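Here's the letter readout for the chains.
There are 2 protein chains.
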Amino acid sequence: MPNEIRKDYILDRWVIIASERAKRPTDYSGRPSERTEAKTCPFCPGNERKTPPAVLLYLPSDGGIKRAKDSDGERVKNWLVRCIPNLYPALSPRNSISLVEDDLHRRSDGVGAHEVLIESPNHDEHPSNGRLEQIELVVQAYLDRLKGLSKWEYVSIFRNHGKEAGASLSHAHSQIMATPMVPERISDELAACRSWLEKKDACPYCEIIEAERSSPRFIFENESFIAFAPWASVYPFEFWLLPKKHQHTLLQLDERGKRDFSRALRMCFGSLATILNDPPYSYGFHIAPTRGQHECFHWHLEVYPKLSIQAGFENSTGMFINVTPPEVAAQSLRESLPRI
Amino acid sequence: MPNEIRKDYILDRWVIIASERAKRPTDYSGRPSERTEAKTCPFCPGNERKTPPAVLLYLPSDGGIKRAKDSDGERVKNWLVRCIPNLYPALSPRNSISLVEDDLHRRSDGVGAHEVLIESPNHDEHPSNGRLEQIELVVQAYLDRLKGLSKWEYVSIFRNHGKEAGASLSHAHSQIMATPMVPERISDELAACRSWLEKKDACPYCEIIEAERSSPRFIFENESFIAFAPWASVYPFEFWLLPKKHQHTLLQLDERGKRDFSRALRMCFGSLATILNDPPYSYGFHIAPTRGQHECFHWHLEVYPKLSIQAGFENSTGMFINVTPPEVAAQSLRESLPRI
Chain E
1 MPNEIRKDYI LDRWVIIASE RAKRPTDYSG RPSERTEAKT CPFCPGNERK TPPAVLLYLP
61 SDGGIKRAKD SDGERVKNWL VRCIPNLYPA LSPRNSISLV EDDLHRRSDG VGAHEVLIES
121 PNHDEHPSNG RLEQIELVVQ AYLDRLKGLS KWEYVSIFRN HGKEAGASLS HAHSQIMATP
181 MVPERISDEL AACRSWLEKK DACPYCEIIE AERSSPRFIF ENESFIAFAP WASVYPFEFW
241 LLPKKHQHTL LQLDERGKRD FSRALRMCFG SLATILNDPP YSYGFHIAPT RGQHECFHWH
301 LEVYPKLSIQ AGFENSTGMF INVTPPEVAA QSLRESLPRI
Chain V
1 MPNEIRKDYI LDRWVIIASE RAKRPTDYSG RPSERTEAKT CPFCPGNERK TPPAVLLYLP
61 SDGGIKRAKD SDGERVKNWL VRCIPNLYPA LSPRNSISLV EDDLHRRSDG VGAHEVLIES
121 PNHDEHPSNG RLEQIELVVQ AYLDRLKGLS KWEYVSIFRN HGKEAGASLS HAHSQIMATP
181 MVPERISDEL AACRSWLEKK DACPYCEIIE AERSSPRFIF ENESFIAFAP WASVYPFEFW
241 LLPKKHQHTL LQLDERGKRD FSRALRMCFG SLATILNDPP YSYGFHIAPT RGQHECFHWH
301 LEVYPKLSIQ AGFENSTGMF INVTPPEVAA QSLRESLPRI
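Those sequence lines, one after another, are chains E and V.
Counting from 1, position 74 in the first sequence corresponds to residue 74 in this note's numbering; the numbering is continuous, with no gaps.
Counting from 1, position 148 in the second sequence corresponds to residue 148 in this note's numbering; the numbering is continuous, with no gaps.
Keep in mind that the hints were calculated from the coordinates and are not lab data.
These figures come from a predicted structure and were not determined experimentally.
Glycine included, each C-beta is placed from N, C-alpha and C at the ideal position.
The hints are all genuine.
Some chain E residues close to chain V (C-beta under 7 Å, calculated; not the full set):
1. 6
2. 110
3. 165
Please model the entire structure based on the sequences and the hints provided.
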């Protein structure tokens with residue numbers, strides 16, 4: 001198949017899909033993601049004093065969990081999930097200051113929040129190998145913090161795995177960043193959803209789900225979720241996870257949805273770790289902004305394995321080159337789903 | 001200074017400028033950019049047979065240069081600059097084929113061109129350390145290939161330096177990619193220029209030049225060119241080079257302009273290599289599309305040092321975190337300009 005240039009479903013983003021020299025999983029180095037290790041992991045149980053007081057803790061309780069917080073002077077032990085302010089926050093919740101600006105130099109005060117979600121007391125319990133009930137707790141914590149930070153314009157929930165993907169500590173963790181504006185990517189997707197709704201009286205993501213379900217890009221589905229490699233994948237082995245029912249925010253997940261989402265995570269990341277030997281990757285949620293009416297949005301999770309380098313061409317044009325066609329990626333991911 | 005969030009001059013792109021823990025040059029690892037070395041460099045003189053026939057060669061000639069090409073069967077020796085088709089092109093100039101597509105799955109045939117410009121017979125003659133007359137030849141070759149590829153919608157000229165910035169060979173080279181569509185970044189910038197022109201009857205870049213010339217982000221200028229660290233720098237030590245006179249394409253450079261541009265490159269890259277120990281970086285030209293009326297555009301070169309990792313937050317939101325404020329970067333770059 002000759003190389004082709006594909007456009008994202010709804011964004012004006014073009015990706016050169018290099019089918020002529022398609023790289024399969026075995027063409028990648030196969031070295032597992034590199035770990036940066038402190039001598040003592042500050043996220044492991046017993047070292048809670050090395051981190052700020054938790055804003056959210058889950059503790060075991062009869063037949064369920066109990067929510068708690070640290071106080072300044074003490075650190076609660078025996079937690080299942082622990083969410084703390086980032087010790088070096090990019091954005092922080094302080095009193096806003098006003099800044100001088102002009103037409104060309106616009107700026108906003110760096111207020112917001114930046115938190116770290118420690119996903120498990122077990123250093124190495126990741127979505128690729130974790131217990132389902134633990135992954136469910138992580139998903140629940142995402143929901144709790146999304147709710148807790150809803151006074152900000154947007155809440156970005158993301159995960160970096162492996163040093164090459166920006167994880168400075170290897171203990172299983174996600175990050176949460178609340179911003180005082182809606183980020184460009186989200187407002188672009190939202191605008192595209194609005195315009196699709198006006199023109200076709202439909203949600204583009206709902207239509208994408210229907211189309212990809214029976215395409216060679218399909219990877220996995222259960223009752224509530226579907227996973228596929230997107231048509232114009234920017235990254236080799238990129239995949240997306242979407243709720244099959246139209247939902248604009250994670251907060252609409254019911255109990256069944258949370259379970260199905262956790263299972264979908266476990267299945268897809270299990271497969272990714274198998275075929276590429278635990279590669280570095282990032283993921284990020286795309287959720288409707290917290291304020292205003294954004295029911296036309298369809299939330300989803302995008303997963304970006306870090307197997308290639310973006311450089312001069314990509315950074316200066318906004319176009320990309322992907323040497324693993326999504327159909328090749330999806331077939332590998334589909335064929336290595338774990339049996340759990 | 002507390003962290004702030006800055007918007008690009010004209011694009012809807014926000015960057016968190018982390019002034020609170022600003023990283024200065026000495027905070028970066030200081031390891032020089034990594035080299036990937038083949039046993040025999042295919043770009044070095046004597047190994048021309050390892051590469052396809054050149055589409056453009058500069059040969060020494062009485063008081064100037066002579067242009068030439070390779071034929072299929074032979075390779076011309078004693079070249080000063082050599083431009084060849086990429087052996088593994090992402091896009092290639094063949095007969096276009098038609099592809100099935102629908103509303104959600106749009107694509108275009110992967111036609112275009114992908115060339116490699118070998119910048120010098122000397123393996124290690126880069127913009128940071130090269131002879132001015134050699135850099136002038138490289139700039140002339142950019143112009144010649146831009147002209148030669150003008151049947152395509154856009155011509156992207158870029159350079160990756162160091163393995164971490166995607167350079168698979170360390171011999172000094174640039175790449176040229178001609179695309180059958182205008183890339184998103186360029187059309188966004190063009191749209192912003194058009195709208196600025198309509199509202200203010202001016203070019204935003206001409207106004208930016210005026211403003212940054214006397215700002216703490218200023219780095220270097222000569223008669224025709226200016227270099228500064230942009231207000232909302234995405235990358236630590238990012239800088240831009242712009243012609244001071246309004247020009248929409250590189251093709252408008254006169255002899256003086258070419259000389260001044262070459263000298264500006266040599267000065268700025270010399271400084272970058274000094275303060276960060278020859279770091280990996282990419283650069284990319286932003287030029288008006290080849291077809292149509294785009295006089296409102298102002299061409300420029302953007303330089304992206306590769307000192308940080310873009311991961312989950314950046315990829316999912318289109319926002320960025322830059323831990324070296326442009327004012328800090330500009331001061332270092334300004335203070336280490338070579339004396340040539």
